[in-house]
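Asks: Note that the protein sequences, when read in sequence, are chains D and U.
Numbered according to this note's numbering, the first sequence spans residues 586 to 851.
Numbered according to this note's numbering, the second sequence spans residues 3 to 293.
Any given hint could turn out to be false.
For the chain U half of the interface with chain D, some residues (derived, Cβ under 10 Å), not all of them [as the list claims (entries may be wrong)]:
1) Leu26
2) Val145
3) Asp182
4) Leu185
5) Ile232
6) Ile245
7) Ala259
Listed below are several chain D residues computed to face chain U (Cβ distance under 8 Å; list not exhaustive) [as the list claims (entries may be wrong)]:
8) Leu610
9) Pro692
10) Ile807
11) Ile821
12) Met822
Don't read these hints as lab results, they were simulated from the structure.
We put the beta carbon where it would ideally sit given N, CA and C, even for glycine.
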Amino acid sequence: MSRNRLPILVTLGVLVFFYLPIAVLVAQSFNASRYGGHWEGFTLAWYARLLREREIWRSLRNSLLIASTVTLASVVLGTTAAFALHRWKGRLQQAHYALVYSPLVVPDILMGMSLLMLFVSLGVRLGLGTIFVAQVTFCVSYVAMVVLARLQYFDYTVVEAAQDLGAGWWTVARRVLLPLLAPGIAAGGLLAFTLSIDDFVITFFVAGPGSTTLPLRIYSMIKFGSPPLINALSTIMLAVTFLAVVVSQRLAAGKEVPARASNHPG
Amino acid sequence: MSGRTRASGAELAATAPSFLWLALFFVVPTLLVFAVAFRPSDPYGGIGAGWTLESLRALGNPSYPAIIWRTVWVSVVATVLCVALAIPTAYAMARAPVRWRRTILLLVVIPFWTSFLVRVFAWKTLLHPDGLVKSLLVALGLVQPETTLLYNVGAVLLVTVHTDLPFAILPIYAAAEKFDLRLLEAARDLGAGSWYAFRRVFLPGISRGIQNGVLMVLIPVLGSYVVPDIVGGPSGEMLGGTIAQRVFVDRNLPNAAGLAALLALAVLLPLIGALWLQTRRGRPLRMEELP
């Protein structure tokens, strides 16, 4: 009997291992002690100081600008790719699949290195533009895989039915394909946004002066900055993440019903 | 339909955007790394003209064998630890009631959505000489006050397992969820002990998930840069850190390219291994043959 409890104990241990460092970090962000050795009273001073850090807000603006454009571009490219991979099965799609799949199994540092080589060879100025290109390159594959997984459940006869009823290509795409694929596209877009806003290694290799993103800023704060400020910033980021996960869970749960209802002719 | 050899216009139009983008920004740059490794460096941190074997010779650097060896063993040990923790977790999740299963799954996924740098930093403060883990271990008399928990290979392993464990749990859980747990009961009814049934029925049943979990951890860790850089110190340096140093400190791109080419070949090995396993066994899930 005791053996059957072992997996449950391991699971509990794993969850503690996941959340303990995060919990301590959140608590420390309210600790008046600068080095966080022991508790010296509750304070919001670190948050107040965070508000005055111009560089952080500038890097957040860069990150949001890049993440939104990268999400848009990779959703368009990734969804088209997933559609092609699902619709046709010839040799071209075999090569296409290998091409879309490969970036997923390449370590970040290799991707960052190789893109830096490309930009240096072409003499391109490093900056927001190169970061955009680099991030789209790895986000496309993730979006394509997520949308492709959703397409497995897609019944293509719906499209044929629409065409039989006289719908043109554009109408089919807008009135049939997009509504049915919307949950998959949204999930892919959310993933692309998260990957983009969190990416450090690849961005680090292809960033230039003036294009510091939030992760690059945090990295240099970890190396040279003051720990309590990072604690406060991290706590805000964690709160935003938790909120986003909860909201997306709610949305996903609420979507199940309308997804079924969308089978009726609209 | 299968007799058609030429792609239609619609297929070309739908394939071209992603195909061309990835060809230009993924395939060409990857090949370029191998080409740049045979170029001379120029004094301004760029790539010089002509061809040279200079970077190949630089791979003979006496400090490299130790770094390469450390990169390999840290990656292998971290992968084994992640999979060893992920299998019982996935098993417990698959057996749990549906409501619990969803909650645990969400709790495993949330760290994946939270900032990677923040989680590494959290460990840095915990292991810091004034940090909580250190004070706790000293108070319990488990370590000497002068021991440093930070800036060594142990710290790299610990933090790597923390950041990469979800990548092992998710594919293994995906396989465990599809596994028919009644097979374990059947094995026990036929006289197998719990452990024997777990080892001979459950593990082979989720072998594809374990294989994916191994790849999902092993490959990124081989190219790991941030974790060794923040908690590893000089004695925890891995190949990724050396590549970054050649780029940002020495500003010698061809030498960095040489090392990156080496890493690319190292990453190919486990991929080829997985492919070989899959083709050799044909259908790895033997459970499928059971009724």
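Asks: Could you run down the list of hints and mark each one as holding or not?
Replies: Results of checking the hints against the structure:
1. Leu26: Check passed: Cβ of U:Leu26 comes within 9 Å of chain D, closer than 10 Å.
2. Val145: Nearest chain D Cβ about 16 Å off; hint violated.
3. Asp182: violated (17 Å)
4. Leu185: violated (16 Å)
5. Ile232: holds (6 Å)
6. Ile245: Hint holds; U:Ile245 Cβ to chain D Cβ min 6 Å, cut 10 Å.
7. Ala259: Check passed: Cβ of U:Ala259 comes within 6 Å of chain D, closer than 10 Å.
8. Leu610: Because about 4 Å separates D:Leu610 from the closest Cβ in chain U, which is inside the 8 Å limit, the hint holds.
9. Pro692: Hint holds; D:Pro692 Cβ to chain U Cβ min 2 Å, cut 8 Å.
10. Ile807: holds (5 Å)
11. Ile821: Cβ of D:Ile821 sits 10 Å from chain U, so the hint is violated.
12. Met822: holds (5 Å)
Hints 2, 3, 4 and 11 from the earlier list are contradicted by this structure; the remaining hints agree with it.
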